[in-house]
Each structure stands twice: as structure tokens, then as C-alpha cells.
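Each protein sequence line maps, in turn, to chains W, Y, F and Z. Just so you know, we're using the numbering used here here: the first sequence kicks off at 1 and counts up by one. Just so you know, we're using the numbering used here here: the second sequence kicks off at 1 and counts up by one. Just so you know, we're using the numbering used here here: the third sequence kicks off at 1 and counts up by one. Just so you know, we're using the numbering used here here: the fourth sequence kicks off at 1 and counts up by one.
What the hints contain is simulated information worked out from the structure, not anything from laboratory work. Misleading hints may appear alongside valid ones.
Put simply, identical chains are the same to the list, so a pair is met inside one copy or across any two.
Under the rule of at most 25 Å between Cα atoms (straight-line distance), these lysine-lysine pairs were calculated in the BS3-like manner [to be verified]:
no., residue 1, residue 2
1, 31, 112
2, 363, 293
3, 31, 102
4, 31, 116
5, 293, 31
6, 293, 112
7, 102, 293
8, 112, 363
9, 165, 102
10, 112, 165
Protein chains: 4
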Amino acid sequence: MTSFADITPTLERLAIEVPSWAYGNSGTRFKVFGTPGTPRTVEEKIADAATVHRFTGLAPAVALHIPWDLVDDWAALRRYAEDLGIALGTINSNTFQDDDYKLGALTHTDPKIRQKAVDHHFECIDVMDATGSRDLKIWLAEGSNYPGQADMRGRQDRLAESLQKIYDRIGDEQRLVLEYKFFEPAFYHTDVPDWGTSYVQVAALGERAMVCLDTGHHAPGTNIEFIVAQLLRLGKLGSFDFNSRFYADDDLIVGSADPFQLFRILVEVIRGGGLDADSDVALMLDQCHNIEKKIPGQIRSVLNVQEMTARALLLDREALTAAQESGDVLEAHEIFMDAFSTDVRGDLAAWRESRGLPAHPMKAFAASGYQDGIEAARVGGTQAGWS
Amino acid sequence: MTSFADITPTLERLAIEVPSWAYGNSGTRFKVFGTPGTPRTVEEKIADAATVHRFTGLAPAVALHIPWDLVDDWAALRRYAEDLGIALGTINSNTFQDDDYKLGALTHTDPKIRQKAVDHHFECIDVMDATGSRDLKIWLAEGSNYPGQADMRGRQDRLAESLQKIYDRIGDEQRLVLEYKFFEPAFYHTDVPDWGTSYVQVAALGERAMVCLDTGHHAPGTNIEFIVAQLLRLGKLGSFDFNSRFYADDDLIVGSADPFQLFRILVEVIRGGGLDADSDVALMLDQCHNIEKKIPGQIRSVLNVQEMTARALLLDREALTAAQESGDVLEAHEIFMDAFSTDVRGDLAAWRESRGLPAHPMKAFAASGYQDGIEAARVGGTQAGWS
Amino acid sequence: MTSFADITPTLERLAIEVPSWAYGNSGTRFKVFGTPGTPRTVEEKIADAATVHRFTGLAPAVALHIPWDLVDDWAALRRYAEDLGIALGTINSNTFQDDDYKLGALTHTDPKIRQKAVDHHFECIDVMDATGSRDLKIWLAEGSNYPGQADMRGRQDRLAESLQKIYDRIGDEQRLVLEYKFFEPAFYHTDVPDWGTSYVQVAALGERAMVCLDTGHHAPGTNIEFIVAQLLRLGKLGSFDFNSRFYADDDLIVGSADPFQLFRILVEVIRGGGLDADSDVALMLDQCHNIEKKIPGQIRSVLNVQEMTARALLLDREALTAAQESGDVLEAHEIFMDAFSTDVRGDLAAWRESRGLPAHPMKAFAASGYQDGIEAARVGGTQAGWS
Amino acid sequence: MTSFADITPTLERLAIEVPSWAYGNSGTRFKVFGTPGTPRTVEEKIADAATVHRFTGLAPAVALHIPWDLVDDWAALRRYAEDLGIALGTINSNTFQDDDYKLGALTHTDPKIRQKAVDHHFECIDVMDATGSRDLKIWLAEGSNYPGQADMRGRQDRLAESLQKIYDRIGDEQRLVLEYKFFEPAFYHTDVPDWGTSYVQVAALGERAMVCLDTGHHAPGTNIEFIVAQLLRLGKLGSFDFNSRFYADDDLIVGSADPFQLFRILVEVIRGGGLDADSDVALMLDQCHNIEKKIPGQIRSVLNVQEMTARALLLDREALTAAQESGDVLEAHEIFMDAFSTDVRGDLAAWRESRGLPAHPMKAFAASGYQDGIEAARVGGTQAGWS
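Next up, chain W with everything else stripped away, as it sits in the complex (with noise of 0.2 Å):
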């Protein structure tokens, strides 16, 4: 049997990035509320992405989106991140936003705007080298709501050689990483519906080219675990998109509809190296706080992460192995379930405390005055949001 305090060494390197854009407001397509407190400007950001690290110790990066957080000086920017205790991390192109990519970007039958689109992911190349950053994420949201709209093939074969132009732009030490979804902003077809189409594209690229898994993008029913598993073989895992939903891309927070099926994923990324002392895979969130408040929106999701990897590193896995081998379903179900249904919420209470950290980080949130004090000074100004 696993002891909490075995855990501990690998609990220690459970690091999420979160997302900038989480602390802006969002919503759906009927209406984004608006929030006090919600930053105006990417330092504000910021200063929020840092407290979730400062009562967490699970947050140390922070992922940027451009244009959405463009500045001018960007060593300016990354001094203030690390005075606040945190790093500038994965760097998201954008290219569902200006009218011309209105029927395709990376995709275009029209060369120039493919340029265009792949000229602004060379401007986010520069970015990363300004920030330090290693992943250059590309979500594509590109795709046609009308079958006969688009030439599926043909599109395919000019996103391969965008991809090509920009992957032949990125440095050594760098990465990208292609994000697949099933569906939405697109409503017949998406470019990247799969994992599959994903995986086809970086493997034509090379090395540094990798799958980006955001759990919320697939089909329903679809086993994620499993494609989990199927990119940690195939050594083309590169990074998560961590949130949950019931229906579609719901971008709730990360395990709050489904924490056996964040368990089950954590699993296999342990099962397949995902928190091995060498492990390139990133983690990290996307969601949306339309309704809650956003920083501690954010602390409960990174939580969940570490909560559900605490259990999940608890699986007896020397037992379910002989469980499986024997061939005894009910044996080795019980031994998997067993981790699932433990309470690691005293453990970690205990382990966060002994590190310095707050033992309840959502109560200790509330009772700082953080929030108070940004809904009073934070005011004036344009809220960020998605734009």
C-alpha cells in the first residue's frame, strides 16, 4: 500500500499553468457579465494569476494569449511576473478574431491571409523568445458551418503547410503545440476535430511538434483517458487544456462534473511518465468564470487537479497489476476505485501547511482582503475580457 507521505515527492512537482484570460470576464453568447475586480490590464492579470500561486504553490506560470495581453515592453513584463513570484508561460495565437479570418486562417484559400495568419504566429515566436516561453500553443478554430461551404481536403493540405512555415520558425528549445476540438466556433466541420487529425499534423512537422488534449473538446462519451494513454505512448502528448463539462465545450471548472474522470486521467498520465521528474507535459487550465468569482474559480480548480492526482497516485498499482493479470474484474476495479473513493483533503491540508502554505487556500483567500481590495481599486477602465 501507497502511503500519502510516498506521494509527496511527486505532489511537489504537480505545477498547472493558468490562463490569463481566466481573470478577465467571459460568457457565453447571450451575455458576459461583468464583475468587480476583474483586471483591466495584463499586469492586473497577473497580479491575480500570482496570488493563486501564493496561496496554492501550484500555480507558478501563467499563460498569455495575443494579441489579448500584447505589451510593449516585454522585458518589463516578465521582471514584474517573477517579482510577484511567477513566470510567463505558454504563448496562444489568435486567429479567430479579425474579420479576415472570418472563413478560415491558417486554412485560407486565400494565400495572403494564410500569410497573414502565419505572420502572427511568427509575431507570437518573438513574443516567447522576449518571455522565455517553450510552447507556442495554436487553437484552430477554424472550420465551415455548411457542408459544401469548404473544401475539407484542400484545407487540410494548406494547413499542413502553414503549419510547416511556422514550425520551421520556432527555436530549439521550443515547442508547438496543436490544439484539437470537436466542434464550436465552427458547426459543420473543424479543421482539428480530433485527436487523430492532430496527431497526423505534428507528426509531419517533427520532434517539437506535439498534441495539445483540452479535456472539454470532444465527442460525448468519448473515453479521454484512453487517448491519454495513446498520446503518452506515441510520445506526442504535449500539454492539457484542464476543464470539464456536461454538454459541449463547457469550460467549467476542471473536475467539478466529472471528478472520476479527471481521476481516471490522471492515472494514465501517471501510468504513462506525465509527472516524471522528465516529463515534458504541461499542464494547465482553460475555463470560463462566467458566474463565479474568478480567482478563487481559479484556486479550487488547481486544487481539484492536485486532489484528484493525490488519489490517483495513491492506486495500488503493484495490486491492480496482479488484479488485471489474474483476470479479476471485480478485483481490479475494487483496487482502482479504492484510490478513487480516499479523502485526501486532511492529508493535504496537513502537507500544504508543513510547506508554508495556507491548509485551506479557499478559505484563506476570502479571509485576506484580496478581493476586496481589487473590487476597490480596481475601478474605471475596460474589464478585460475575450478581446
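Guided by the hints, dock chains Y, F and Z onto chain W, whose structure is given.
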């Protein structure tokens, strides 16, 4: 065998209400693209709707959305519409964009917010009195995002209470129509998620309360035509919101994603008397033209409904019944498919011409110069959208 | 805060009926695997069911399926069961295996076949009179595979007529419980596909007609706990068929696929009075043990229900209501998740021992030698299955 | 504009393999209904398949399933088939009905069981050598029902190893075709659940290993034509298993559930060269005629494929490309729908007659007396089914 001539009396009755908001801009949570010629005022929306009717003879009424379409002088607006050959139709309420409604409106725990939402519906009924509209359509965007966030059962009771207040206010010739939706904007629970819930709520109100079936508001795989048949059987199918979908509530052009499904739905509408001369079932579009031009998008939509209605009317019901009763599965299916496989485009074009309408409404609109006219004229101002 | 001691009075009332057919062989359309020790007779099935109860204290009744479990002497069977400490429970009818029912039974176009199906239910009611069973459960395996094959509307009317005949025959202390199912064995339409249809059919019959909710019979993504809340609100939730699913009607061990969903369902059961002392809601398993051993599969299942019931009972409803009414989304969700995160296994084990039950029923059963005994004894004959 | 005459050269090449098991009984886990005239032997199955070809000219080969169709004298069977005007086609292996395979076959933890499953495929290759079949089709019914039951990652590695052994044995003119399936008969994980997994497994084997796409084996909402386009782009689309579905793997008549989807699939097949003279893509049916007559069920199926192929060939690709490149969403969609809306039944009937085939194969078969003949002749013996 039924001939095309046999079905034209029913086709003549076919009327599909168009929504004012289809002419404004819409999009996804990621981006709303603007387009040249988009209306800035409710009058311009009505002018566009009337254009759809002029080219098709199919859209004699336009639905309004309150507060998006609020005006001071309803009598003037009514005359304006009538002069353009179109009537003001269904009034749609809105309880999803006011900050007070973030966590609920008709279901909110706070009685003051519930009353505010009820009052909004009273205001809508006042509008109906002024416009002569028959139907008050309520789409309830309420629900919750996280398990535990809300007491689903208590909300159901409060909903019943709020609806009763609204129902008590509508006139003897007016109807309350309650729409259901599987999910979105709420991502864990929706207060009226399915036809069953809408049915039990309106059944508790009385005879003039009916269910609205939006074709995009169901779980994957749902047999929608079964629901149509059941609601007609129960005398509770008030109206349709037509659109089509591949994944979620995609709000694509009706008939573009699964024309056979639209055919099957119309077969049940006809089977249940929904196109009879004395039918009260209202047909309406509710769509988003995110990337395509809006007026031709609407023209195409009403033509799709007309085309599938014609095919459905051509179904040889006598032969079908005989095959069904003899248990000949393949014969019954073939008779059904024969109607669906019939190309009615030529007959419809000829019939349109015989009624003084353009044979090819899409081409006629394109050739008419209307689009160029509005693009040139509608410069400046704020383009209409969902706010 | 609720303590474990607070909830034991309710836990003591928890009773889950087990189905006789769970002890026979089951499988998929591809293969039914046999297993040593499988019962050959209804008596052997009852002996196995009684064993589940003996090790858990949770399964005091066994449901029967007619004609699979038909015997000549019901009084003797009843005594046999009672001697083993178990009661005969719900009677399940079968209108899906006779050749006459290939295209329908209670809904068939041929009145002779409908009457035959009605007569079968009369026979089931006779059995109920002999066994003392309260509930007649009707799962309607009827529907069609091809559009056009059947007149869905006419079938609905015939169903109402057939059900009325059956309902008129049940005794004053008996109930008719109508199950709904999304699909399978019919693949285009099912005559009772959703709770709404079951509800309108039983509401038309009278007070002793109720809805049966099988947790595996919904469209992907359906919020089942909402339906639980709604049916309890309407006073029409007759019984549960518990099992779990990832994809279709997988009929896996309840709680094995999504334990959090089972928790949420039980929270609504409790919220709606379904575990109150005077509750009429019947809890039952309906599962297939295709590859795992059947008796421990059943033990595991009732334990899963018990475990999630305990967690659900531990929910701090006072605090939850306060958080819900204050609109604190994250606090309400956290209170909810705190109950779910509680590891009740230790408390349950101790409590079981205090009641003279084995602390660990799975281990106690494995150590008991019962499985070896039946494997040695049940040689020859025909293993029970779905026929 | 393309005329019907333009497309007949391609239509002439259209060939759809039919499965021997479609003529035997099939059903659901609840019931397999028998039907008069069902074959008792492989010869009778082949006679029925040849009948489908005789009436349609579309089904020149019949696929066999081992061991269901095992015979002693393959040369004799081959001659028997050829005399009836039909070839023996794809050989399908079976690793899902032997008790040893309950928990896996090619992926089993026990090397002896894996070797047994590999040996079965060697036997299938021997059959192929005797029948002259090109394709060995592997549908992997393996997976697990419960989380923890199996090590998904290890199974993937063992699968690769087993497939390599099989691939090494096939001849230079033979191919290994690997089918994927979302779920069933396993209900938690499937070892080859999606095209990505099939692709990475066959890509690791070599050029003569290909993917088989069964149209019913996807998650709800999956854009299948996208996968068709992608696999053709990658040169890895080996074959189709055609059927249709509303919910799960319903195995209904191809084109009966969503004819527009079948049209879209065939558009991509044509776009990717899948109907070119030198194409290696094999088209095959894989269906169940649970309630309808089997031979006309198959006739209807190949006619549906032919009809949708004709519509797809009529697509005005030049105009479509122009509309796509000009970004005219509605025009491109309309050109696409115009092809789909074309009623080709008359042209096909005339063309059939010109080739010496019945204009209306369904009617001609019904009038032929073949069904009466087999119902009279095939009395006694054991009707063929899935065992």
C-alpha cells in the same frame, strides 16, 4: 398517388414567421462578425423581413424581441410593417441579459428579482396588446453551472408560481408559449430542459399555455418527430422554432444539416393536423447567420421548409397505412422514402410563378439590388445585434 | 454538520430490490458467456439473491420476470424465499421475445396481438396476487427501426388503450410502473422513449400508475437528477432501475461509471422525500454481469448505492441552502462536493459490524465458500439466461 | 453542369461487397427472430448474395466470416460462387466468441491466448490463399467494462505486437484492414475506438495495412466525411463497412437514417479518388436485418449507395470550387444541395434496363418468386446466425 396540384392548397397556407433578430449580427462567444447592410433600427429589420416575404410569399409576420425591439409608438410600427406587407408576430421576452438575472429570473430565490422578471413579461403583454400579437414566447435561459449551486426542485416550484402570474395576465385571445432547451447558457442544469418539463408547466396553467419546440434544443439522437407527434396528440404544440444543428444549439439554416429530419418532422406535423386550415401551430425560424448573408439566409430557410413540406404532403398515406398494417417494413419505408426522394424544385418554381412570385427567390433577390442598396444606405449608426 | 450517527436511521431503511435475471447469464448480441455456478432454476436465483442480502442487509426482495421465472406453485416459491430471508418483489412482464411481438405488442396494429399482450399482463397480475407483489413493471421494448415503418401517433393511442385495460385489472394495493427507454431494441423510434411520455401515459391512468426511471435509459448528457426531482415533485416517481453506463444502455454495475452522478441522483431522492419513512419509491437494480462474477457483482452494486446514499445524507443542507440563497456559487458547490468527497467506507464497515453484518461484504463473501459451493453443485442442466 | 450520361462510366465501376452473415438471422441481446427461408449453409448464403447481384449488378463479391463460414473444400466453394456469378471477397476474423477471449484476444495479458488469436488469423490467411481474397478484415471486439479492469496502455502495446505477427504473414497482394469501433461489446474502453488508433496501428505495420471505416462506429455527432477525407489524404482508407444508425451501432440499412450523410461521405470518397479506376478502396455492407426480409434489405442497401453515388457524381465541382474560393457560403452550399436534391431514380431505372438489369430491382425481386422458393425449400436444419 398524390399529385403536386393536390397539395398546393395546403402549401398556400404555409406561413413561417421570421425573427427580427435574424437580420442583426450574431455570432459565437468567440466573435460576432459585422456585415455591411446590417439594420440599425427595428424598422430596418422589418424592412428586411418584408423583403423575405416579398420574394417568397412565405413569411407574412415578423417576431419581435423585447427589449431589443422596443419602440415608443407601437401603432406607428404596426402601420410601418403593414405598409410593407408584413404583420408583427410573436413577442419574445428576455430575462437573460440584465445583471439581476445572472443566477435566475422567474426562478430566482429573491422574490424581488422574480417580480422584476414577471413585470418584464407584463410589459411584453402590453406590447402584444399594442401590436395585436397572439403569442408571448418565453425562452427560459435559466439554470445553473455547478452541482449544488441551486436547488433545482425549489426553482421548479418558483417557476410554476411566476408563470401563473404571467398567464393570469394574458388576454383571452393570447397564448403563453414556453420553450424548452437542453443546455446553454447554463451548463449543468436548465430549468426547462425538455418537452416533458415544458408540458407539465403549461398543462398546470391552462388551455392557452402551450409548448414551443425549437428543433435545436434536444439531446444528441433525440427523435424530434416523436415529440411533435406526442405534443400534437396532447393538444399542446404551440409553436416551432426552426433551425438546424450538427452538435449543440448551432442555430444553422433549417434543413441544412439533416433535411431528412426536417421531412420527418413535417410528416408528423401534417399527420397531427398542424397544417390544417384550423391549426393553431405557429411555425417560426430562430437562427443565426453568423457567416452568411442574412436576408438570403432567411430566404433559403423558408424555402427549405416549403420544399420539405411539399415532399411530406406528397407522401402516399393510403399506401403507407396499408403497408404499415400489413407489417411490410421495407415497403412502408420505401413509400416513405419515395416521398422524400421526390425533387419538387421544378414544380415549386412553376407554382411560384403562377402566383406572381419569382420562380427562383434566391436568384431573384440576388438580382434585385436590394442587398447593394442597404449596404450603401446603412452606413453609420450601430448595427443591431443581441443587445 | 451532520454526523454519521445522524444518518444511520435513514441508512437502515435503505432497501434495494435485486433482479432474478442478474444471476443468470447475460451478454451482448455478439456473445453470452457462461459461467460456473450459474443458476438453472428460479429457486437457485432466489438463493443467490438471498445471499446478497445475507452479506449486506441491503437486498430484502427479489424481482421476478415472467415468463422466465414462471413456476407452478407460487405459494411454495414464496415460502422458499421467505425461508431464505427474502421477499418476492416486483413482477416484470415480457412482450419482446414472442414472435408475435416482432413489430409491437401493446401498440400493435393487430387487435389480437394487442389483446395477447394485455392478457400476458393479466397473467402477471395473477402472479402478483399469488406472490404478494405490489408492483407490475412494464418495460416496453416496442418501436420501429425505419422511418415510415410505423405510425408513431397511432401507436401512442393504442398504447394508452392497452395500458388502461391493464391498469383496470390491478388491485387497490398494487401499482403499474411504466419504464421509459431512449432506444434499443428498436433503433428508430421507441414507443416510450422519455420520462415525458411515460408521465403522460401514467397520468392518464390514475394514481396507482407511476413512472420507472432506469438510470441507463437516457440520451447522452441528460441531467438525470433533474428528472428525479421533477418526478418526485409531480408525485409520479414509482421506482428506479439502477445501473450505470458510459455509452448506451450498458447495464454496468451502478456507480461504476460515474459515482458522482449516482451521488447527485441520491441527493435529489432525499431532497424529494424518496428515502422518507413513508416513501413509496422503490429502488431496484437492473444490470448485466457479462464478464464479472454475478453475486459479488450484485453485492458491489448495493454497496455502491449504500455508500453514495451515506455521502448524500451527510450533505449539510442548512449550509447549502444558505449558500444557495446568498448566491455564492462556489461556496454552495463546495458544500456539495464536501459531502461527495467524504470517505464513508470506514464508518459503514463499523456500522455493519454493529448490526451483525460483515464489515467487508465483498471479502466476507469471497471467504465464505458460497461461490465454490455453487460451482461444484450446479453442474448439468441449463444455465438461466434471458429466455 | 454534369449530366447523367457523364457519370455512368463511374457508376459502372461501383461494386459493393455483401456480407454472408447479412443473410443469416441477427437481432439484439433481447431476441433474435427467425425468418422463413433463412440459409442453413454457407452455400445458401452465397446463393442469396448472388441473387442480390443478379437483380442489381452492384454486389459482385461476398465477404466471409471465419469460423461461421468455414468449409472443408474452399476450391469447391469458390467454384460454386463463381458459377452463381459472384466472387468470394474479404475474409473476416472472429476473436469474440471463444470463451478464451472473454477478457481479450490480441491484447490479452496471457501470451498463450494472444498466440491463439494470432493463429486464428493465420488460419484466415490460409483461407484467403484458397479463396483468392485480397483483404483480411480485423474487427477487434476487445476492451473492458470497468475502469481499472485492464491496463489500456499495455494492451495497446500487445496489440501492436500481435498485429505485426499477422501482418508479417499476409502475402504481397493481400492487405490487413483494421476496423475501429467506439464501443460495444466492451462498455468502458475499446482497444481500437477511433480512426486515430486504427491509423497509428496500421501505419506502424506497413503499406499493406489499412483502416476500415464502419459508418456506424463513431461517437454521436462525429463528422464522418471528414475522416473519409483525412484517411484518403493519408492513403490509408482501406475499406468501408456501410450501414446506418440513429443511436449506437444500430446496423440499419445504409442510407435509411441519414441519406444526406451518406451523400456527403460519397462526395468525399469521389473527391479523394475513392471511385477512380485505380482505387483500392473497398466498399462493403455490414448490416443487420433484424425485422425486415434479408435479401430485399440487401438489395435496398446497395441501391441506396448507388443512388447517393449518382447524386454525388452530379455535383458541379467546378462551380462549387468557384463559389468556395469566392467565399460565397450560401452559393457553395446551394450547389452542394442541388446535387443532393436531384431525383436520380428515373435515370437509374432507365440505365439499369439498358444494361439488362431490372429497372426496379426491389419490385423485380418481389415478383421473381425467389423468396417463396427459399421459404419452401429451406425447411429443417439450423438457420444461420452469428455463431
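A quick look at each hint next to the structure:
In this assembly of identical chains, the alpha carbons of residue 31 and residue 112 lie at most 25 Å apart only when taken from different copies (22 Å versus 34 Å within one copy). In the homo-oligomer, the alpha carbons of residue 363 and residue 293 lie at most 25 Å apart inside one protomer (14 Å), although the nearest pairing across protomers, at 46 Å, exceeds that limit. In this assembly of identical chains, residue 31 and residue 102 lie within 25 Å of each other by CA distance both inside one copy and across copies; the values are 21 Å within and 9 Å between. Proximity of residue 31 and residue 116 under a CA criterion of 25 Å is satisfied inter-copy only: 19 Å between copies versus 31 Å inside one chain copy.
When the C-alpha separation of residue 293 and residue 31 is checked against a cutoff of 25 Å, the pair qualifies both within a copy, at 16 Å, and between copies, at 23 Å. For a Cα distance limit of 25 Å, the shortest separation of residue 293 from residue 112 across copies, 23 Å, qualifies, whereas the shortest one inside one copy, 42 Å, does not. Proximity of residue 102 and residue 293 under a CA criterion of 25 Å is satisfied inter-copy only: 13 Å between copies versus 32 Å inside one chain copy. In the homo-oligomer, the alpha carbons of residue 112 and residue 363 never lie at most 25 Å apart, since the shortest distance is 53 Å inside one protomer and 31 Å across protomers.
In the homo-oligomer, the alpha carbons of residue 165 and residue 102 lie at most 25 Å apart inside one protomer (22 Å), although the nearest pairing across protomers, at 45 Å, exceeds that limit. In the homo-oligomer, the alpha carbons of residue 112 and residue 165 lie at most 25 Å apart inside one protomer (14 Å), although the nearest pairing across protomers, at 49 Å, exceeds that limit.
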